[in-house]
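Student: Residue numbers (the numbering used here), protein chains in the order written: chain P, 1 to 275; chain L, 1 to 275.
There could be a bad hint or two in this list.
Any copy, or any two copies together, can satisfy a pair, since identical chains are not distinguished.
Here are the computed lysine to aspartate or glutamate pairs in the DMTMM-like style, where the Cα-Cα straight-line distance is at most 25 Å [what the hints assert, rightly or not]: (1) Lys165 x Glu226; (2) Lys165 x Asp135; (3) Lys165 x Glu109; (4) Lys165 x Asp26; (5) Lys165 x Asp250; (6) Lys85 x Asp10.
FYI, nobody ran anything at the bench for these hints, they're computed from the structure. Treat the numbers as computed from the prediction; the structure is a model and nothing was measured.
There are 2 protein chains.
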Amino acid sequence: MTPDPEDLGDPDDPRLEPYTRMRERDLVGRAGRFIVEGEVTLRLLLGRRSRFRAESILIAPERWPSLVADVAACPEPPPVYCASKAVMSAVTGFPIHRGVLAIGLRGAEPAATALVPPPPAPALVVGLAGLTNHDNVGAAFRNAAAFGADAVILDGESCDPLYRKSIRVSAGAALIQPFGRLPAGQDWLRLADALDLQPLAFSPGATEPLDALTVPARALLILGTEGPGLDAATLAQARPLRIPMAAGFDSLNVATAAGIALFTIARGQGRLGPS
Amino acid sequence: MTPDPEDLGDPDDPRLEPYTRMRERDLVGRAGRFIVEGEVTLRLLLGRRSRFRAESILIAPERWPSLVADVAACPEPPPVYCASKAVMSAVTGFPIHRGVLAIGLRGAEPAATALVPPPPAPALVVGLAGLTNHDNVGAAFRNAAAFGADAVILDGESCDPLYRKSIRVSAGAALIQPFGRLPAGQDWLRLADALDLQPLAFSPGATEPLDALTVPARALLILGTEGPGLDAATLAQARPLRIPMAAGFDSLNVATAAGIALFTIARGQGRLGPS
Chain P
1 MTPDPEDLGD PDDPRLEPYT RMRERDLVGR AGRFIVEGEV TLRLLLGRRS RFRAESILIA
61 PERWPSLVAD VAACPEPPPV YCASKAVMSA VTGFPIHRGV LAIGLRGAEP AATALVPPPP
121 APALVVGLAG LTNHDNVGAA FRNAAAFGAD AVILDGESCD PLYRKSIRVS AGAALIQPFG
181 RLPAGQDWLR LADALDLQPL AFSPGATEPL DALTVPARAL LILGTEGPGL DAATLAQARP
241 LRIPMAAGFD SLNVATAAGI ALFTIARGQG RLGPS
Chain L
1 MTPDPEDLGD PDDPRLEPYT RMRERDLVGR AGRFIVEGEV TLRLLLGRRS RFRAESILIA
61 PERWPSLVAD VAACPEPPPV YCASKAVMSA VTGFPIHRGV LAIGLRGAEP AATALVPPPP
121 APALVVGLAG LTNHDNVGAA FRNAAAFGAD AVILDGESCD PLYRKSIRVS AGAALIQPFG
181 RLPAGQDWLR LADALDLQPL AFSPGATEPL DALTVPARAL LILGTEGPGL DAATLAQARP
241 LRIPMAAGFD SLNVATAAGI ALFTIARGQG RLGPS
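Chain P on its own, in the form it takes in the complex (with noise of 0.2 Å):
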């Protein structure tokens, strides 16, 4: 039993609090708390496979009909507030053209090597070193997701792919797929041998092309920023791999990189169905 939307007037009412000044708390941070935009990503945060609750919706009114049968199919339902788009922009400080926002809760983060399944099983891991662009974080969790990765994980310099651009980017990606922290004091390698997964570090400038590699049942797939690239130290001990590429303009984005890896590996461990 679905309960009604309650219909919120008033920008000032407390319940609205969370979705107040949305620019300047995507730059200070949410305190346990991020935001859901549009109507697909709210069916990822509400769906069987979220990876997280919903504290609460704002919708315009017009947006419920189609929305009230994933709130109903929720376990637990999050109250549902009903605004105008004009309340809704008033609230947030900006103009809300779609209608359809929610909180989200972030609860504890996982435990990295919680994540991944244990040998013998096939794993596949992303491993995100350095990647402080919103844009890349999010489109290698759509990648990531759309391939199967079993995990992403996230060293300390990456940004949060909860962020609201990186939600929107990964197309709600990141609220399905699992990921966690590097923790404070490992690195890669060690990673890569706690977890039993075969470390393939990516950069321009390896030889090994991806194509030639006979791909490992357990991968992390460790990549860096487009600029400096792994770390010397990774690169040195993880089995660095290129990805061939034409001559003269040798130049791929990080998350297209980590498409082509992920689409091959994900292949090679027989992820992705028959073909």
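Given chain P's structure and the hints, the job is docking chain L onto it.
Tutor: Only chain L this time, still in chain P's reference frame:
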């Protein structure tokens, strides 16, 4: 013999007129001109593979030493204007951090058919159908250049690869990757027929997986928008292909899909050197 740059201290100097009202002109167009930003992109504009001529360069004085050799190597060096970043910011109307700008000249757009090597040579052409997002067009160009596509052909709906943001996202590939427009009144199938290319249409609903494809020696990869995708007529007449993905989140960005398809086909055609 490279001419010395001319110091311009007056934001109202008429030679700076093409640099004024930059954001407004992003929207209304520039009558045969486009903007290049940053050192890496300027090098591509001045370089051997550039498809365009520079009309002028505007740089902060401290950037000249690292660019002088590139200007000197240019067969017809454009005038170089020097101005402080403060003057550059006053001219353009927003803060200029990198201190490197140039005006490029579009010249005449080549006929799409003139860009494709005649049979029986191998050919790889990317068709962009209805791509109205500058990020996606820029990213698709970057991937086309990285995997050595002969040409990118855009339909009338797709946006301008020489828009400021497209060039930036393309990492400058828009300046060196040959491209043209689908002639008015022609469709993808007739273009493929005229150029003796096998039309491959990517669609999540297709049954044939990319990795089971015997790569054709002459291919036209047609990519549509993520939402509506390609029209039914194109899908019905082209060879529809899908990129295999994990169950439950079959969602790839169109430029990432292009990257995976280009990598697979370019490798199959032997464009990427020995593996």
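Student: Please go over all the hints and tell whether each is borne out by the structure.
Tutor: Right, here's what the structure says about each hint:
| no. | hint | verdict |
| --- | --- | --- |
| 1 | Lys165 x Glu226 | both (20 Å within a copy, 18 Å between copies) |
| 2 | Lys165 x Asp135 | both (7 Å within a copy, 14 Å between copies) |
| 3 | Lys165 x Glu109 | within (20 Å within a copy, 36 Å between copies) |
| 4 | Lys165 x Asp26 | both (9 Å within a copy, 23 Å between copies) |
| 5 | Lys165 x Asp250 | between (28 Å within a copy, 20 Å between copies) |
| 6 | Lys85 x Asp10 | within (12 Å within a copy, 46 Å between copies) |
Going through the hint list in order, the structure satisfies each hint without exception.
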